[in-house]
Amino acid sequence: MTTSTITSHTTLTSSRTEQRRFWLLLVGLTVLLLLSVTMGVTLSPVAIPVGTVWRIVTAQSLRVLADLTTLPLPEWIRIEETWSTAQLNIVWLIRFPRVLLGLFVGAGLAVVGVTMQALVRNPLADPYILGISSGASVGAVSVLAFGAFAFAGVYALSFGAFFGALLSFFIVFMMAQRHGRILPTRLVLSGVAVAYFFSGLSSFITLTSDNRELARAVLAWLLGSLAGTDWTELVLPVIVLTVGSLALTLQARSLNALLVGDETAATLGVDTTRFRRQLFVTVSLITGTMVAVSGAIGFIGLIIPHVVRLLVGTDHRRVLPIAIFVGGIFLIWVDIIARTAFAPTELPVGVITSLLGGPFFLWMLNQQLTNRGGA
Amino acid sequence: MQLQVDNVSWSVDAQKIVDSVTLSTAEGEFVGLLGPNGSGKSSLLRTIYRLLKPQAGHILLDECNVWHLSAREVAQRMAVVMQERTGEFDFSVFEIVLMGRNPHKKMFDRDTEQDFQLVQEALQRVHMESFAQRSFLTLSGGEKQRVLIARALVQQARFLVLDEPTNHLDIHYQLSILELVKHLGVTTIAALHDLNLAAYYCDRLYVLKQGGLVAAGTPAQVLQPDLIRTVYGVWSEVKLHPLTGKLTITFLPESSVARVG
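Protein sequence lines, in the order shown, are assigned to chains A and B. If you're matching positions, the first sequence starts at 8 in the numbering used here and goes up one per residue. If you're matching positions, the second sequence starts at 6 in the numbering used here and goes up one per residue.
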């Protein structure tokens, strides 16, 4: 055997090993996700046995399925109702949608973080740090205060949040550029400024509004919370998350090229102007949708992509799917802590992500500045 | 593949960076682009690889205007090697080279055995096969440059653009990289700053000064002391090297010229 076939064999094997590792990780994360959902529904001041939880969930899912398909449930599949109505309501109407929302929002914010970081080529990018979440909040608040975007009906809130996210992202992006290059310092500083401005605007609209309920609602936005979720709120997030992350994963090769550099991406056949515009809209759409249902939950888009890259490297074909799982699992657990750690007081999840994310951000900033020789 | 640059101008705020340049490359030719810093070499190359849209003139690849092609179609025909830094995000050498397949891939396409094979062969060709799993960021300048050439090979383009491929490299790598490119047999246009390397490796040369073309021809026709004096502002002695049979240029400091002259 010649040397060349031996080395060829080695490279191919190691890329196959990597593939296998990826699929194993995906299977492991699926198991962990199911476990986390179960814990999310079970762990709480009011204890309900795991077995009862899953029986309720299965029975209810089957009923919804039967309703949707308008087929009668066969007799043998019927599950005996051994639970009380109170248990049913707690599991099916309160906890389950809340855990699922945590899953979708966590996944969505992680995907947004990954994408933004490729777009601005900086691992410090996160929708919360760069003021995109604040922009989305302003959009949502103006819907509540002025009835803006009324034409969008029940989706007016999400539409307003999307529009606010798009606007703030655009401002930050334009400010961060100098001679066509995005400068890290300008990026972070303009992000901070935009975040402050839009937070101020949210407060201004709230405090000058005649609507008394508004102040309470806005406080939830500023802190980020999953409390009080019902099933109808899950529809838009799950659609946007699925379509958005699918579209991004299909563009993973272009995202990789963009991460190397603008010119590189262009010479590898990416229409960078158009691609960037698509990414802008996708990021704003996901951020807006998530903020509309859960408020501004910070730092997930910062922490998760970093951890995922440590696990599977930089290739977006692996980073995006894994980030969806890790982000979802992470927020489910943060929410569990938020509900149980200081019971009966419940913390907004955003408080905990900020407590974790702030130091993490400082640590990454320090790494970045050290690597650049203190620039 | 042939390149035809037809009367191309590109300017920023009424200042002409590239001024009515016309040049061409024949099939399989290695063409060098010379000129001092700021003479518009890189900008001209950028108009060629469709990054800058010229305000006047056309760039034709095999008679086809690059602006009538999509970025993807251009990337299937033309590969570019330039100074590259990936910033803080790290890819493995293997992943960087595999990106050369991007222009040939549609959205739902997966990587095939053939893609991996191409990467493997390209890495062998630039003697980087043992680096496949190394992180790109940890490589030296010369190693990075060779990896990028491997990516260009994987791209299977029939036209190659090199922007100062030997900048900041050890002399050993300067020679080995140009040697490698020369033997690919792919039509190449390269911006170079070393006149001796240009004299040795290029079939033909174009010289730019302040965005305009001031000389064109074979190295023997172009690299004359008078022209070097006008373009670079230095005195020089040009001789045929007895071993290589190519021109060699020795630059002469002002002081030595004053003594002789």
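Errors might be hidden in some of the hints.
When the alpha-carbon atoms are kept at most 16 Å apart in a straight line, the in silico EDC-like pairs for lysine to aspartate or glutamate are as follows [to be verified]:
| no. | chain 1 | residue 1 | chain 2 | residue 2 |
| --- | --- | --- | --- | --- |
| 1 | B | 58 | A | 270 |
| 2 | B | 244 | B | 175 |
| 3 | B | 110 | B | 120 |
| 4 | B | 111 | A | 270 |
| 5 | B | 187 | B | 11 |
| 6 | B | 110 | A | 217 |
| 7 | B | 58 | A | 74 |
| 8 | B | 251 | B | 175 |
| 9 | B | 21 | B | 34 |
| 10 | B | 244 | B | 259 |
In case anyone wonders, no lab produced these hints; they're calculated from the structure. Every value quoted in this text rests on a predicted model; they were computed, and no experiment measured them.
Handout entry: Given pair status - residue 175 of chain B, residue 251 of chain B, alpha carbons within 16 Å
Key = Violated, at about 22 Å.
Exercise for the section: Compare the distance between the alpha carbons of residue 111 of chain B and residue 270 of chain A with 16 Å, and conclude whether the hinted pair is satisfied. Expected result: violated (20 Å)
Practice task
Please work out if residue 244 of chain B and residue 259 of chain B have their alpha carbons no farther apart than 16 Å.
Solution key: violated (19 Å)
Exercise for the section: Quickly compare the C-alpha distance for residue 21 of chain B and residue 34 of chain B to 16 Å and report which way the hint goes. Expected result: Given that 16 Å is the threshold and the Cα spacing comes to 28 Å, the pair is violated.
Problem - Hinted pair residue 110 of chain B and residue 217 of chain A, Cα distance within 16 Å - result: Violated, at roughly 56 Å.
Exercise for the section: Below or equal to 16 Å on CA atoms is what counts here, so check residue 187 of chain B against residue 11 of chain B. Expected result: Distance ~25 Å between residue 187 of chain B and residue 11 of chain B Cα, so the pair is violated.
Exercise for the section: Quickly compare the C-alpha distance for residue 58 of chain B and residue 270 of chain A to 16 Å and report which way the hint goes. Expected result: holds (14 Å)
Handout entry: Pairwise hint evaluation, residue 120 of chain B against residue 110 of chain B, where the allowed Cα distance is 16 Å at most
Key = holds (10 Å)
Exercise for the section: Decide if the proposed pair is consistent with the structure: residue 58 of chain B and residue 74 of chain A, CA atoms, cutoff 16 Å inclusive. Expected result: violated (59 Å)
Exercise for the section: Starting from residue 244 of chain B, check that the Cα of residue 175 of chain B is at most 16 Å away, please. Expected result: violated (24 Å)
The structure shown violates the earlier hints numbered 2, 4, 5, 6, 7, 8, 9, 10.
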